[in-house]
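So the chains spell out like this:
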Amino acid sequence: MSYYFTILSPTDVPLFNIAFGTSKSGGDGIARFRFPDTAQYMNQFIIHSSLDVVEEAQWMNGNMYLKHIDTYPPASAYISAFLTPSGARFLLLHQPPQLPTNNVSSATAGSGSILGSSFSGSGGSSSRASASSVAANPTSPQTEEAVRQFMTEVYENYVKTVMSPFYRQGMEIKSSVFRGKVTAAGRKWL
Amino acid sequence: MSSATKASRIGEELWKTRVDKVNAELVTLTYGTIVAQLCQDYDGNYQDVNKQLEKMGYNIGMRLIEDFLAKSNVGRCANFRETADMIAKVGFRIFLNIAPTVTNWTSDNNQFSLVFDENPLADFVELPDDGRAQDELWFSNILCGVLRGALEMVQMQIEAHFVSDVLRGDDTTEMRVSLVRYIEDEMPPDEE
Amino acid sequence: MTQPARHAAMLSISNSGSNLAAAAEKQQPAQHLHTQSQSSQGLRVPSNRKTIYDRHLNRSRNAELSRASFAFLFAEMVTYAQRRVTGIQDLEKRLNEQGYPLGLRLLDLLFYRTMSSSTSSSLSSSSTSASPPNRPLRILPLLHLIHGPLWRLLFNRPADALEHSVSPETPNEYMITDNDPLVNTYISVPKEMSMLNCAAFVAGIIEGVCDGCGFEAKVTAHNQPTEMWPGRTIFLLRFGESVMEREKVLERAGVK
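Chains as they are written, first to last, in the working numbering: chain A, 1 to 190; chain B, 1 to 192; chain C, 1 to 256.
Heads up, a few of these hints could be off.
As the list claims (entries may be wrong) - Selected chain B positions facing chain C (Cβ under 7 Å, derived; list incomplete):
1) 19
2) 33
3) 69
4) 163
Said to hold, decoys possible - Some chain C residues near chain A, calculated using beta-carbon distances under 8 Å:
5) 52
6) 57
7) 135
8) 151
9) 152
10) 155
11) 158
12) 161
13) 162
14) 166
15) 175
16) 216
17) 240
18) 242
19) 244
20) 248
Worth flagging that the hints you see were computed from the coordinates, not collected in a lab.
Please read these numbers as outputs of a predicted model, since none were measured by experiment.
Here a beta-carbon is modelled for each residue, glycine too, at the ideal position from N, C-alpha and C.
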């Protein structure tokens with residue numbers, strides 16, 4: 001599994017992002033997105049195109065952790081969201097390793113998914129090997145729980161960041177210590 | 001019993017019995033907003049921020065000493081060493097619930113250091129990563145002013161400044177305090 | 001509630017929406033974070049490597065400090081602010097602005113603490129539906145959050161009253177009362193400034209909490225002394241139009 005994690009401010013300014021790969025099931029923690037050349041732009045694009053879904057879910061569901069809320073079938077990408085009470089959004093894109101052949105040409109399909117239909121895209125993944133492991137199945141309860149743990153740990157460090165009197169809402173988080181903590185949380189849970 | 005031990009006991013007793021309390025984080029966060037606001041107002045000129053913090057502390061010290069004397073009911077200190085213990089073990093205990101270590105005396109007994117193991121003013125704080133704040137800003141500089149203001153009201157002219165701060169990446173937080181002179185005639189400075 | 005055209009704004013991708021993926025490849029997202037920012041020296045840390053990330057967020061949870069220290073600091077903050085403004089309104093505005101970011105911080109701290117205590121006490125039943133706190137979606141839970149947990153975090157007690165405006169003209173107005181605000185206890189306001197209420201600072205904190213939660217509001221502090229409570233202060237919360245409209249939508253959708 002490859003992951004792309006980002007923190008967006010309430011006005012959608014990116015405050016932090018990081019790419020990493022699974023460390024579970026013998027993973028080496030390195031991200032291997034399917035289209036390495038464009039992965040960064042694609043990941044950001046996919047994450048941002050899920051924001052309407054996030055925004056809708058945000059007011060229907062008071063949980064901080066919203067589980068996986070959107071899919072982007074062309075890239076087999078899944079988005080999980082965690083909302084802080086102060087309006088920052090933690091978004092995690094996960095992309096399972098490329099097992100079956102996937103169809104690149106349908107790049108425009110499914111980008112406008114809304115809350116109701118977004119879950120339909122997850123059907124195909126359940127047929128993949130070792131469906132219960134965090135590394136393989138983005139929608140299994142085990143994965144949802146692992147992502148929750150990851151998000152919660154990141155949140156703790158995020159709160160420590162924002163508690164400093166010199167941190168102002170919307171400031172990019174540049175601390176290498178924070179980055180290290182997020183990396184460690186990824187290694188621990190995902 | 002040493003003057004330091006005695007002062008520690010007085011401080012702890014007073015903290016337990018005579019001090020009205022509030023949530024520590026309210027104080028910490030309020031101080032944080034003050035410093036952050038100054039940094040903004042002075043446009044990142046940290047020297048000016050240090051000066052302003054010292055000035056604010058001086059104003060506070062001049063009023064705080066009354067509160068201190070009323071609560072502690074201690075008499076005049078016999079010498080500057082006793083004064084140092086009184087500041088560290090009674091004053092800091094009453095107002096910040098800490099007791100910094102008094103150390104590094106000069107041989108003339110006119111200069112010492114306060115070493116802070118903890119500093120509630122700086123909880124949660126990380127200095128701005130702008131390449132300057134860690135070299136120029138003394139986040140807790142208000143404390144230097146408090147000492148100067150308070151001691152001036154009891155006829156001691158002192159000078160205080162920080163020489164290190166864990167917020168800057170130093171291993172300790174240390175303030176250097178020097179007696180300049182006793183202001184009253186009846187207490188002439190020690191002559192060597 | 002929804003803001004159209006946000007994708008275009010965020011990614012500065014051209015609005016040729018037909019093949020967005022292709023557009024994404026062609027153009028560089030404006031706000032893409034450069035990893036080079038990592039290469040700056042960063043902050044120095046003590047040799048024990050301790051940073052803010054190594055300090056437990058609950059460490060000072062029940063810690064206390066002297067009330068006088070708070071009063072001295074707060075008074076100094078007001079005096080300093082006073083020198084940089086032209087009138088009472090200006091001063092209150094400034095105090096409000098200083099409280100605002102504090103509100104945002106306290107909000108996150110409050111949720112973190114509720115979360116950490118709810119998971120530690122019910123670790124055995126840590127299914128996905130364990131009970132972390134909910135973000136307030138409606139005005140009422142938001143007000144309860146302020147009146148109870150926020151006040152307790154700041155002042156170790158809840159506020160004294162919570163009311164909704166009785167006037168049909170102003171359904172967007174709510175009032176939180178504090179009979180004896182800490183911030184006014186030690187502050188003696190000069191006679192010529194008798195209208196000043198330093199609780200504007202607290203009003204700013206409340207405003208930060210409201211805004212953070214997505215409830216745009218203006219919050220002001222007003223003196224309402226009674227014989228028994230000479231410092232009694234009413235915090236008036238006026239929610240914005242968009243908030244009131246969302247309330248109606250959520251009400252219809254059955255969101256509580």
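Status of the hints after comparison with the structure:
no. : hint : verdict
1   : 19   : holds, 5 Å
2   : 33   : holds, 5 Å
3   : 69   : violated, 13 Å
4   : 163  : violated, 15 Å
5   : 52   : holds, 5 Å
6   : 57   : holds, 6 Å
7   : 135  : holds, 5 Å
8   : 151  : violated, 16 Å
9   : 152  : violated, 16 Å
10  : 155  : violated, 19 Å
11  : 158  : violated, 19 Å
12  : 161  : violated, 24 Å
13  : 162  : violated, 19 Å
14  : 166  : violated, 28 Å
15  : 175  : violated, 23 Å
16  : 216  : violated, 11 Å
17  : 240  : violated, 15 Å
18  : 242  : violated, 12 Å
19  : 244  : violated, 14 Å
20  : 248  : violated, 12 Å
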